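Chains as they are written, first to last, in our numbering: chain R, 1 to 401; chain E, 1 to 401.
Everything labelled a hint here was simulated from the structure, so no lab data went into it. What you are looking at is a predicted structure, and each value in this text was computed from that prediction instead of being measured. You may find that some hints are simply not true.
Identical copies carry no separate label here, and so any pair may be met within one copy or between two of them.
Okay, derived cross-link-like pairs now, DSS-like style, lysine-lysine, Cα gap no bigger than 25 Å in a straight line [to be verified]:
| hint | residue 1 | residue 2 |
| --- | --- | --- |
| 1 | K8 | K357 |
| 2 | K259 | K398 |
| 3 | K53 | K36 |
| 4 | K211 | K357 |
| 5 | K53 | K343 |
| 6 | K53 | K357 |
| 7 | K398 | K133 |
| 8 | K259 | K8 |
| 9 | K8 | K244 |
Protein chains: 2
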Amino acid sequence: MINLELIKSISNPSPSKIVLVVIDGLGGLPSPETGKTELETANTPNLNRLVAKAICGLTDPVSPGITPGSAPGHLALFGYDPVTFSIGRGVLEAIGIGFDLQSRDVAARGNFCTVDETGLIIDRRAGRISTEKCTELCQLLDGLGIDEAKILVRPVREHRFAVVFRGEGLASDVGDSDPQQIGVAPKPITALSPEAGRLASAAHQFVAQAKTVLFEYYPANMVLLRGFSKLPHLPTMGEIYKLKAAAIASYPMYRGLAKLVGMEVLDTGTSIEDELATLKQNYTNYDFFFLHIKGSDAAGEDGDFARKVTIIEQVDNVLSELINIEPDVIVVTGDHSTPALLKGHSWHPVPILLYSKWCRPDRVSEFSESACLSGGLGRLPATQVMPLAMANALKLAKFGA
Amino acid sequence: MINLELIKSISNPSPSKIVLVVIDGLGGLPSPETGKTELETANTPNLNRLVAKAICGLTDPVSPGITPGSAPGHLALFGYDPVTFSIGRGVLEAIGIGFDLQSRDVAARGNFCTVDETGLIIDRRAGRISTEKCTELCQLLDGLGIDEAKILVRPVREHRFAVVFRGEGLASDVGDSDPQQIGVAPKPITALSPEAGRLASAAHQFVAQAKTVLFEYYPANMVLLRGFSKLPHLPTMGEIYKLKAAAIASYPMYRGLAKLVGMEVLDTGTSIEDELATLKQNYTNYDFFFLHIKGSDAAGEDGDFARKVTIIEQVDNVLSELINIEPDVIVVTGDHSTPALLKGHSWHPVPILLYSKWCRPDRVSEFSESACLSGGLGRLPATQVMPLAMANALKLAKFGA
């Protein structure tokens with residue numbers, strides 16, 4: 001296990017620049033027809049050009065066999081042990097929609113659901129109402145008058161919403177109201193510690209008022225809440241690595257995660273070209289860039305092998321520009337695998353390449369899952385990527401005398 | 001380090017089936033004549049057929065350089081850190097002879113030994129008396145009348161026996177009587193905590209009575225006891241993995257270990273064919289099978305290179321039947337290495353293959369120590385085998401969102 005305190009004690013600011021390119025869900029599985037993965041199928045001359053001067057390997061975001069969500073996958077790449085630094089479901093839901101959470105806020109994930117006339121849950125998702133309907137209902141619930149806290153309700157998608165309790169003295173350790181089954185009543189929200197009494201009371205009132213307001217909106221006539229949580233206390237990347245770090249990402253979730261670890265989040269567009277343009281515009285102002293590409297994961301989730309291949313090729317195309325800028329360290333990897341064949345995140349290790357003048361190149365000549373197997377980085381926990389990038393940027397002093 | 005609590009929190013029951021084939025002592029060392037290990041010498045067409053669709057690697061049961069006993073080797077494969085979950089010597093001795101230990105029992109390993117007329121030990125093994133003689137003497141000691149506990153004495157082999165103290169309020173932290181040297185008297189058994197006073201008294205009385213009973217049975221005229229211990233508290237595989245797990249093993253030690261982690265132990269015969277027949281008969285009733293093959297380890301311990309090769313070939317022969325059943329996940333590995341050249345367990349990492357539809361196959365084309373070196377699993381702690389098998393059986397949910 002890498003010790004953040006150790007890294008903190010030996011990291012030094014310097015002008016050298018690190019670019020971490022995260023191709024979301026990069027790793028794949030071979031197509032039964034060709035025996036090649038998405039990355040192996042893609043035509044990637046620029047990645048292969050970089051590989052020739054780089055050191056390669058495969059990362060485990062959490063540990064072998066564990067399929068990470070987006071948050072653990074990224075925290076690991078930023079150097080934070082994702083099991084130690086876990087982020088609550090409610091906070092992720094709020095971050096995912098770009099909600100600007102404050103440190104005293106408690107966030108919960110909400111579902112609109114259907115209850116029968118006796119109050120028993122008959123559909124935990126209220127027939128998956130439309131996002132438009134969800135938005136309309138959230139407006140009814142937003143700002144409900146509760147003594148202990150200001151109530152902020154925001155739509156997510158379909159039946160899902162986020163609710164934020166804003167006020168002083170709110171501890172988040174209260175139980176869910178969502179029993180995660182049908183045929184029973186929503187659970188009363190209970191404080192799990194004396195400090196959480198105030199939030200439990202606020203959440204209880206919110207649920208009671210929501211039930212009254214939603215009475216006439218069958219099938220969305222009730223709410224279920226779970227994952228009450230506050231922003232975790234993470235040491236920032238500035239504190240640990242002495243980096244001035246910037247995030248370039250178009251999706252709110254990744255912008256939120258970057259902000260959590262103290263990066264500055266830059267305004268950018270939605271395409272990979274937009275993101276690279278943003279990097280070039282801001283290149284002199286930061287010494288670390290996190291560049292996030294979402295499309296590959298979305299294609300994998302959709303089971304669209306060909307689209308994932310295309311997106312990898314688009315990244316490759318843009319990479320030539322990045323290479324021309326000559327950052328001291330370029331890392332290209334993913335936060336986890338999302339094989340099109342599995343239509344979801346998976347546990348498979350993720351290809352990584354690390355280029356620097358000082359990287360001790362291996363003999364890998366193409367960027368692929370199978371070629372990276374024999375790479376010089378071997379198979380490594382993703383939490384070791386940042387220390388390696390820092391070392392290759394000559395930003396880490398000797399440990400011990 | 002994999003956290004069992006983490007696995008527990010994301011494991012789900014499902015109909016998919018996992019078969020873990022443990023070829024005891026599988027790993028070897030190359031013969032000086034041929035340069036090939038036992039596994040590399042064996043003709044294994046079925047294993048190689050499986051390897052073509054599988055992912056391979058090498059496991060460390062405890063950590064590099066550490067030679068595991070049978071218990072740590074198996075606990076690691078079942079996913080339990082063998083250093084955290086240690087099993088006392090006495091308990092292992094009792095389990096090894098199929099003794100049905102109860103949770104309140106304290107077990108100790110016993111040696112018949114020889115003392116001179118002044119009570120000093122002159123042979124810690126009583127000239128390695130025969131197992132028949134040991135059995136006869138154990139009958140004399142079994143049921144000796146002690147106030148604090150019922151005494152159960154069972155022969156193991158040659159001079160070795162197991163003694164179980166059964167009663168209420170027996171804590172096991174008492175010192176050994178075996179000084180592990182000759183020329184001194186057996187040590188008085190002392191309580192290492194106030195709670196252990198009752199057991200210390202019982203054990204003291206047992207030793208005193210045994211000395212009287214054995215007076216006329218020179219050279220086996222005294223006993224030495226060590227490794228007082230109780231059954232450890234292990235979370236079951238059902239609790240951690242939500243598996244309905246069955247063990248198919250012909251040796252008591254492995255049946256006992258399987259029972260310790262909550263597997264159901266199936267009746268089976270002594271041959272590999274018997275074991276596979278048992279698996280087929282019970283295939284619909286469980287979703288996890290631990291199939292243990294002992295002969296390979298025994299051959300290695302005997303230094304019989306050729307016999308170990310033959311046993312590996314017998315396993316390979318039976319494997320075709322297992323492959324035909326089409327379990328979702330097949331893992332073939334060992335609990336440790338037992339090179340015939342070393343005539344004993346060793347620290348060398350153990351070849352592993354994991355087959356599933358979702359395993360991301362590597363380019364390894366034969367099952368051998370040297371080929372597994374370049375396998376896609378790399379070199380991994382044996383405790384990671386179960387999470388990987390679970391992931392490949394699609395029984396693990398995503399960690400974090």
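Hint-by-hint comparison with the structure:
no.: 1; hint: K8 to K357; result: within (24 Å within a copy, 43 Å between copies)
no.: 2; hint: K259 to K398; result: between (30 Å within a copy, 23 Å between copies)
no.: 3; hint: K53 to K36; result: both (24 Å within a copy, 14 Å between copies)
no.: 4; hint: K211 to K357; result: neither (62 Å within a copy, 47 Å between copies)
no.: 5; hint: K53 to K343; result: between (33 Å within a copy, 21 Å between copies)
no.: 6; hint: K53 to K357; result: within (8 Å within a copy, 35 Å between copies)
no.: 7; hint: K398 to K133; result: neither (58 Å within a copy, 29 Å between copies)
no.: 8; hint: K259 to K8; result: within (19 Å within a copy, 31 Å between copies)
no.: 9; hint: K8 to K244; result: within (14 Å within a copy, 39 Å between copies)
The structure fails to meet hints 4 and 7 from the earlier list, while all remaining hints are met.
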